[in-house]
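Asker: In case you want the letters, here they are:
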Amino acid sequence: MVDVSKHELVPEHTVVDEDVIDAVLEEYDIDRTDLPKIKYNDPALPEDAEVGDVIEIVRNSRTADRAIIYRLVVD
Amino acid sequence: MRNSTPKDIGAIDFGLMEPEEYRDMSATKIITADTYDDDGFPIDMGLMDPRLGVIDPGLECKTCGKHSGSCNGHFGHIELAAPVIHVGFTKLIRRLLRGTCRDCSRLLLTEDEREEFHAQIDQSRKLGRDLNDVTKAAIRQARKNDQCPFCGEVQYDIEHEKPTTYYEVQQVLTSEYSQRIAGAMQGNEEEGIERTTPDELAEKTDIELSRINEILSGSFRPREAQRKAIEKALSIDLTDEDTNKLMPSDIRDWFENIPDEDIEVLGIDAERSRPEWMILTVLPVPPVTARPSITLDNGQRSEDDLTHKLVDIIRINQRFMENREAGAPQLIIEDLWELLQYHVTTFMDNEISGTPPARHRSGRPLKTLSQRLKGKEGRFRGSLSGKRVNFSARTVISPDPTLSLNEVGVPDRVATEMTQTMLVTERNVEQAKQYVANGPNSHPGANYVRRPDGRRLKVTEKNCKALAGMTDEEETAGIQTVGPGWEVNRHLIDGDIVIFNRQPSLHRMSIMAHEVVVMPYKTFRLNTVVCPPYNADFDGDEMNMHALQNEEARAEARVLMRVQEQILSPRFGGNIIGAIQDHISGTYLLTHENPRFNETQALDLLRATRIDELPEPSGIDDEGVPFWTGRDVFSELLPDDLTLEFISESGDTVVIEDGQHVEGTIDSEGVGEFGGEIVDQITKEYGTTRARIFINEISTLAMRAIMHFGFSIGIDDETIPDEASARIDETIQEANDRVNELIEAYERGELESLPGRTLAETLEMKIMQTLARARENAGDIAEEHFDDDNPAIVMAESGARGGMLNLTQMAGCVGQQAVRGERINRGYEDRTLSHYQKNDLSAEAHGFVENSYTGGLTPREFFFHAMGGREGLVDTAVRTSKSGYLQRRLINALSELEAQYDGTVRDTSDTIVQFEFGEDGTSPVMVSSGVDHDIDVEGIADRILDGEFESEAEREEFLGSKQPPTNLSEHADSRRVDSVPEVTSDD
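Residue numbers (numbering that gives the first Met the number 0), protein chains in the order written: chain A, 0 to 74; chain B, 0 to 986.
A hint or two may mislead.
What the hints assert, rightly or not - Calculated cross-link-like contacts (lysine to aspartate or glutamate; reagent style EDC-like; alpha-carbon spacing at most 20 angstroms): (1) K36(A) <-> D132(B); (2) K125(B) <-> E49(A); (3) K231(B) <-> E193(B); (4) K125(B) <-> D28(A); (5) K125(B) <-> D52(A); (6) K38(A) <-> D121(B).
To be verified - To list a few chain B residues with every Cβ distance to chain A over 12 angstroms, as calculated: (7) R142; (8) T280; (9) E612; (10) T853.
These are computed hints drawn from the structure, not numbers from a lab. From the three backbone atoms N, C-alpha and C, an ideal C-beta is built for every residue, glycine too.
Chain A with its partners taken away, still in its complex shape (with noise of 0.2 angstroms):
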């Protein structure tokens, strides 16, 4: 099976430490269940990703060259 994960237009997908999501969640005053979800099924998870983690996804932008988006796991 193809690998996704490491196909060129995939952005890379990492857990989140705790101590961040902690950091992120107060810096935009939200709760867990507020940020944007991905399934967990989804293919360009990490391997070590479990349901409610937050992922951080590095993405190429056309207007900010680099954009960081926060995605939390779901089923």
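Once you have looked at the hints, place chain B on chain A.
Answerer: Just chain B, lined up with the frame of chain A:
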């Protein structure tokens, strides 16, 4: 009423209503189906009971004492003789019946399963997902248990016959079990099934032989386990289905016993909604204001559809009660019950599949509750979100190049009808009086006034002078006159701000604010440069105007919505307002060959601009007369320090240095409506006001220029010499020959197919290519014979209108006509028209038009051309309807997203959609649109600072490079030292 403070809605609860609540809010019980008595008075406890509200003006409401208009009406109620099912909840009822025990009414889930689903529901709530998915899964799980985990009762299947009937399906032992067993034991030789003796059967089923014999004789009914064993041994079915109808009263009893904790697992809040409330025992009767009756011309009353339906319900309800009291047979009672159910069902929804709609006497289906709310013309889409508004006007638009792009010409008859509210104060009382004195019919007049006591008076020809206090006898007449504290609804006057709109409103530039210029005649007038954002033309387009009614709205419109604020489009960051069509031809003629103008001509070109004095002449001609070049005239409109370089549409490099146009052609690339570089640059660096002035002046200069040179186009401009025609004919003949060669090669089977294509496809492609090349060549030949000053060439090259293709088709050859991207292949069997041989593959027979538009098409060519043309028309028609629906769905999906102050984009439940608006947090209109030249931010900052401070010292102070003395004594010394040298140098 007028000064009531707005209130916040704290919360809205959705839930079911308890029967007791219906009774509590009811103003009266309704018992008679009659509406009015013989004298025309409403009958007490009838459907038109005066306690339900008033509709006739002048009467007083018996419940609240208010009059018609201020009384909203009051509900009544009907006590139903027997419970009926609410159609809106049939699905939920079915689900609950299937998921709960038929005996103890508990949810058929074990404690563990409950916990699980409870957790899932909480999770779904938090994530904002559809709870239905979880509850559906819970019910599915519950149905798997065919025995109640609490009381052990066996559960049966529930069948739902739409819309409102439920059956319990039980599998029972058939009465002819002995025959069926005996028959199966006989065996079947044809199918190779052997005979079974009772002994064998007893052995297989573990039933004693005597029992088997009893069963076979029919004197013993096998028990459940024995039945299953026999069924298995003989592979037969011994059961019959027994359906048992569940009456609404049974269901109600069932639901009453469901414990609160159990329905919570299904996401239902038992506090607000008990499931038994889905079975109606009381029916609320809507107030008369919701179903007003109308008096027809002949004095007859015509009742609302809802009233008719309620009459039916009450009639059946009464018959039901009478029959039951009289002890009628069960069959009749059940029929009446079903009839009552039907009427209550259609009262709520008359478009249920499987049920015939209730009809009016005329045969028209009744419009009941659900029909009032549903769909495009329903209450939500039709009345609440799509309201018709006052203070609006609509008429045809026409162009007026003398207006500013910020303005709109408003016909005087519109201006005298639409008003602005003017609060009279000490300072404007004289003006206000003048407006009132002018009356409602002469232009800057007034239509209404409101006195400080709140009375509204209509200003008429008769009372206007008196209201304004401009007659002698006003005191004797005792009329109050306009003074501070009054409100005057005066006519629209020049400079008022209004909102202007053209449908379809596809982007925000479809609704912009304009300043009013009152004009004679009947059309709205607008400057032609605002046509692109509205997508308007003047072939009969109509537009809407809305007058703003409060100061906040006017201020907002002026700051945010004025046309000049919309010059840059958020779609691509460039300007959407700019020179169009003839303006572009005009600037092209003015700057392309840089013509010379004498003083009179130059002044004439600039006469509608702010430029009153010509600059130094560009030079002196041979006769000693000073002249000005087109580019120098154009430069007068540019900001003094604008520096810019770009490639124009015509292909040359445009150089602008310090506000002087040095080189190049000004065309659509420079000042055009979709990303004109100069307009774009000016808007971003000098602000919208400067850009508005520039566009206005460019358009007037261009009009003067094009009128100076004269610009027209006619048949002769596209006619080419005979010699050229001959060459074109030759090229086309060559192409025809080439096509015939290809066809011959194909028929001989010598044609080689292209990769991935069949031979026929290859041939088609090659023919298309050949013919396309022929048209190009014809175009090239035609073009050679046109001068650079040919109007069609000027328009194509400047980007004003049309392209080289149009020119080619007019002068050279129209070319291949296509339907669905292929040569024309339809019509008769194996041929397009009966004029051709069957299977003729030639260019001519498949829609190649050899002639040009000027030369004229042959009838067959014309026909093919019409075929191609029709496809275009159909395509646009289909596209607009498709994209309209797509737009509606997209907007509905995006309408709740909002950019927040912290830079995120969130929906209404605060879920983040983008962490930074557009990922970079910037507005597209604030960003440089071209990569080539950045916005001169430093320059803008310098200019603002220059304008802000009077002296260099002040400026340095502000920028912090020089600290001002904060304390006089502290700096006293340094100040004295500074001043000393000055004094000394003086002598």
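Asker: Now look at each hint and say whether the structure bears it out.
Answerer: Comparing the hints with the structure gives:
About 18 angstroms separates the Cα atoms of K36(A) and D132(B), which keeps this hinted pair within 20 angstroms; it holds. For the given pair, K125(B) sits about 18 angstroms from E49(A) by alpha-carbon distance, which is consistent with the 20 angstroms threshold. Of the pairs offered as hints, the one joining K231(B) and E193(B) holds, with about 15 angstroms between alpha carbons and a cut-off of 20 angstroms not exceeded. For the suggested pair K125(B) and D28(A), the alpha carbons sit about 16 angstroms apart, so the restraint of at most 20 angstroms is met.
This hinted pair checks out: K125(B) and D52(A) have alpha carbons roughly 15 angstroms apart, not beyond 20 angstroms. Simply put, K38(A) and D121(B) have alpha-carbon atoms about 18 angstroms apart, close enough for the 20 angstroms limit, and the pair holds. The claim that R142(B) lies off the interface holds: its Cβ sits roughly 23 angstroms from the closest Cβ of chain A, which is beyond the 12 angstroms cut-off. Look at T280(B): its CB is around 41 angstroms from the nearest CB on chain A, clear of 12 angstroms, so calling it non-interface holds up.
Non-interface status of E612(B) relative to chain A is upheld: no Cβ of that chain comes within 12 angstroms, the nearest being about 46 angstroms off. At roughly 47 angstroms, the least C-beta separation between T853(B) and chain A is larger than 12 angstroms, which holds for a residue marked as non-interface.
Violated hints are absent here; each numbered hint is respected by the structure.
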